[in-house]
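Assemble the complex: chain G is given as a structure, and chain V must be docked to it using the hints.
The residues making up each chain are set out below.
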Amino acid sequence: NAGVMQNPRHLVRRRGQEARLRCSPMKGHSHVYWYRQLPEEGLKFMVYLQKENIIDESGMPKERFSAEFPKEGPSILRIQQVVRGDSAAYFCASSRDRDFMGETQYFGPGTRLLVL
Amino acid sequence: LAKTTQPISMDSYEGQEVNITCSHNNIATNDYITWYQQFPSQGPRFIIQGYKTKVTNEVASLFIPADRKSSTLSLPRVSLSDTAVYYCLVGGAGGTSYGKLTFGQGTILTVHP
Numbered sequence: 375n376a377g378v379m380q381n382p383r384h385l386v387r388r389r390g391q392e393a394r395l396r397c398s399p400m401k402g403h404s405h406v407y408w409y410r411q412l413p414e415e416g417l418k419f420m421v422y423l424q425k426e427n428i429i430d431e432s433g434m435p436k437e438r439f440s441a442e443f444p445k446e447g448p449s450i451l452r453i454q455q456v457v458r459g460d461s462a463a464y465f466c467a468s469s470r471d472r473d474f475m476g477e478t479q480y481f482g483p484g485t486r487l488l489v490l
Numbered sequence: 003l004a005k006t007t008q009p010i011s012m013d014s015y016e017g018q019e020v021n022i023t024c025s026h027n028n029i030a031t032n033d034y035i036t037w038y039q040q041f042p043s044q045g046p047r048f049i050i051q052g053y054k055t056k057v058t059n060e061v062a063s064l065f066i067p068a069d070r071k072s073s074t075l076s077l078p079r080v081s082l083s084d085t086a087v088y089y090c091l092v093g094g095a096g097g098t099s100y101g102k103l104t105f106g107q108g109t110i111l112t113v114h115p
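As you go down the protein sequences, you meet chains G and V in turn. Mapping to this note's numbering: the first sequence position 14 is 388, numbers consecutive. Mapping to this note's numbering: the second sequence position 111 is 113, numbers consecutive.
Hint data in this document are derived by calculation from the structure and do not stem from the laboratory. Glycine residues also receive a C-beta, built at the ideal position from the N, C-alpha and C atoms. Honestly, I wouldn't trust all of these hints.
Stated by the list, open to error - Derived Cβ-Cβ restraints for the label pairs, each shown as a range:
(1) Asp69/V <-> Ser432/G: 27 to 37 Å
(2) Asn427/G <-> His114/V: 47 to 57 Å
(3) His114/V <-> Arg394/G: 17 to 27 Å
(4) Ser76/V <-> Gln455/G: 21 to 31 Å
(5) Arg47/V <-> Leu412/G: 18 to 28 Å
(6) Arg79/V <-> Glu446/G: 42 to 52 Å
(7) Leu490/G <-> Val57/V: 26 to 36 Å
(8) Leu412/G <-> Ser76/V: 23 to 33 Å
Unchecked claim - Over 12 Å on every C-beta distance to chain G, these chain V residues come out as not near it, computed from the model:
(9) Gly45
(10) Ala62
(11) Pro78
(12) Val113
(13) His114
Isolated chain G, as found in the complex (with noise of 0.2 Å):
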């Protein structure tokens, strides 16, 4: 059973160019968050989406991001007109439907993004 997948595990971009990362939930699960972690830094969440909705954008900034995780394929995170500051590791996480025992999120490899 194939964990989380992402890809490209590493992206080079510059300045004003746009980066777009990809996150294949594990098989059966049906809900996507995506963290970003600066060095030396625990992870922020950024965002949460089920199938073809955002339940949770709370965490991402309001411009330049976007996300979204289609009916098929994977969870994509676009980043329009990078800057440096948006240099940092991109995790993702998936889990099974809701249940009331908990939620147990898992993590991908994580992306890592450097923006020249």
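Structure of chain V alone, referenced to chain G:
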């Protein structure tokens, strides 16, 4: 969101038992306690989750007192490969924390030979 407090760092030696305590004084009724492990350049790895009393799996034990205001992750007989950052998180089904894990600074555990 319930805030957690844990030691910034801990040191241990191979073969010892390590206990990392986390404080979460304002934990909500619906909140679960979850611990993750993270190695450099990798995503967090789920270790264990509990609601009350004691939970044990193949890698760790989690002790939660009756008031649930703290929890202790116990790693038996650590090895060098257990050197990592350990995060204590509080959240879970229902409430405003649903789906939104809040990571603190974590505890840097260093295991020495």
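Determine which of the earlier numbered hints do not hold for this structure and return their numbers in increasing order.
Numbers 3, 4, 7 and 9, in rising order.
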